[in-house]
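Visitor: Chain A is already provided as a structure; the job is to place chain B on it using the hints.
2 protein chains.
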Amino acid sequence: MKEIAIGIDIGGTNTNIGLVDREGDILHQDSISTMADGNVNDFIKFLKEKLTVILSSHSDITIKGVGIGAPNANYYKGTIEYASNIRWGEYIHFKEAFAQQFDYPMVLTNDAKAAALGEMVYGNARGMSDFVLITLGTGLGSGIVVNGKVVYGQDGFAGELGHVNVKPDGRLCGCGRRGCLETYVSATGLKRSLFKMMVEETDGSDLRNISYTDLDPRVITEAAKKGDSLAIRAFEYTGKILGEKLADTVLHTSPEAIFLFGGLVEAGDCLLIPTKKHMEKSLLKMLRNKVKLLPSGLMDKNAAVLGASALVWQEFA
Amino acid sequence: MKEIAIGIDIGGTNTNIGLVDREGDILHQDSISTMADGNVNDFIKFLKEKLTVILSSHSDITIKGVGIGAPNANYYKGTIEYASNIRWGEYIHFKEAFAQQFDYPMVLTNDAKAAALGEMVYGNARGMSDFVLITLGTGLGSGIVVNGKVVYGQDGFAGELGHVNVKPDGRLCGCGRRGCLETYVSATGLKRSLFKMMVEETDGSDLRNISYTDLDPRVITEAAKKGDSLAIRAFEYTGKILGEKLADTVLHTSPEAIFLFGGLVEAGDCLLIPTKKHMEKSLLKMLRNKVKLLPSGLMDKNAAVLGASALVWQEFA
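So the protein lines, in turn, are chains A and B. Note that this note's numbering has the first sequence beginning at 1, numbered continuously upward. Note that this note's numbering has the second sequence beginning at 1, numbered continuously upward.
Since the hints were derived computationally from the structure, they do not count as laboratory data. Wrong hints could be hidden among the right ones.
Repeated chains share a single entry, so a pair holds when one copy, or any two copies, can fit it.
[What the hints assert, rightly or not] Taking lysine to any residue and the SDA-like style, the derived pairs with C-alpha atoms no more than 20 Å apart in a straight line are:
1) K285 with Y104
2) K77 with N289
3) K95 with E244
4) K50 with A36
5) K276 with T213
6) K2 with I61
7) K285 with R218
8) K301 with D42
9) K77 with V53
Isolated chain A (complex conformation):
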């Protein structure tokens, strides 16, 4: 009987599920709808049905536990609090709801923290005791690792770097405040910045033919890779703001490396070069040229699923 952890990553649209062994090999991968507009109990019933089907085709395994990553999840309390893209409720007692349907031991954490753990156990941060992982999705998430441990802080909400302030009266954020980092640096932030460039510059671009509503941020990444100068400018602007803010983050925990994860990173140097340039320029003299800026080592795998599974070995080993 092979010991298996079930790693689950709950996103705004889809929930990814993996059966993962201790070495980080994913034996089975699947996904279900998050049903983000519904009810948490209905979602967990649906998850149970799906897992029953998956597990029925794996008779040679024993389940060690379930690790779950979700937006705004609280590791200490097992809750999901004020997650803007999951509307099961403002304050969801997820762990309680889970325990009513499942007998498996379960541990819940924030999705970006799960990804940081995945990077440390199975990715490019292996052997590092101090690093930061930034996830660039619809918003900006982060996991900070200090002395080999993911930082949770007093209440489980450490590492919410998507909400550090960039500009006092800047762009409106989903959290209700203005000028948060994720309104500039994220898939959505990139789209907003592209439209800013359209207004301020005169570069010709096919992207000018697409409405704000219709423009998928992935199209900007593709355009940048093909040399569209407006898209490249939008990435440069994104990299400048990210680089300047990462310099401040370095002053907090002095990480060995900062990893970038998510679809935006596929733009490669269009994002990495300006981010690195502005980070170095903004760093204190004695901290320059010391911090690696790297893409995640789990870009082609499911970092959050792997990280969630790693939590199981950490908690229930």
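Guide: Then chain B, alone, in the frame of chain A:
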């Protein structure tokens, strides 16, 4: 024979020395000139002469080790690097120089990190595993504690919050960059802000009779306590900038409390109220009203000497 740690705090002008027992009682306290313009070897010789005199009057003790806090000191390397107020050299191999004169085991750390350790072991942070201490002196120093340990990061320079950016083209800092937090929030920053208020506002104030050169920042604290409206405005401005930046720091490590230490804190509510107000206003909804903002519990004692001595028990126990 009572076991004693020698705690030493090297400042820009004076070096404080304490013989401290395990309970944090200071048996003997003294100070010497830092001779900051001289040579590190001469300073250590001078320190040795002084210690010989001090120890000759305490025959009933045994020395466990020496803990030293100094600006820009590197815990890992035993160096003092680019300290603007100590000109023994740009890159000082302090630990090596010390070992040539002394046989005691010695541990060196940054002065603010020593103060954070002092706060944790002997002050108001007793029992806390996640907190931040801000020292407000000529500059702004900080010590960040995560999971009960002072954060050093990859190279020993974590927690350099004095240099997070407040304004892209703001005030010139000693580090050569513009807009660092300590150019606004520190004794010197307060003085600069008072002069800004003199220019922008029309409030009458005795402080208008003093030149920039002659104005000692302590006078501003005294004036604020007596109700001088210009001084109060300068503190409000200081508190606004500090509060906004502390909100960003909370997003990094989610501390249980933030402690303020140093002469500026004597202004009491003139500083604490605006800092608290702007921190809460700037915090993410789910983090509001959770983080205590408190004066250090070691204001009347020598926190850096106590913290440096605490390092001895931690390292050589």
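Visitor: Take the hints in turn and mark each one as holding or not.
Guide: Cross-check of the supplied hints:
1. Taking identical chains as interchangeable, the C-alpha atoms of K285 and Y104 are never at most 20 Å apart, the minima being 51 Å within one chain and 33 Å between chains.
2. In this assembly of identical chains, K77 and N289 lie within 20 Å of each other by CA distance solely across copies; the values are 18 Å between and 39 Å within a copy.
3. Taking the closest pair of Cα atoms, K95 and E244 never come within 20 Å of each other, the shortest separation being 38 Å inside a single copy and 34 Å across copies.
4. In this assembly of identical chains, K50 and A36 lie within 20 Å of each other by CA distance solely inside one copy; the values are 17 Å within and 70 Å between copies.
5. When the C-alpha separation of K276 and T213 is checked against a cutoff of 20 Å, the pair qualifies neither within a copy, at 31 Å, nor between copies, at 40 Å.
6. Taking identical chains as interchangeable, the C-alpha atoms of K2 and I61 lie at most 20 Å apart only when both belong to the same chain, with a minimum of 5 Å there against 60 Å between chains.
7. Within a single copy, K285 and R218 get their C-alpha atoms no closer than 36 Å, and across copies no closer than 30 Å, so neither meets the 20 Å cut-off.
8. Taking CA atoms no more than 20 Å apart as the test, K301 paired with D42 passes in neither setting, with 28 Å inside one copy and 59 Å between copies.
9. Taking the shortest Cα distances, K77 and V53 never come within 20 Å of each other, neither inside one copy (30 Å) nor across copies (57 Å).
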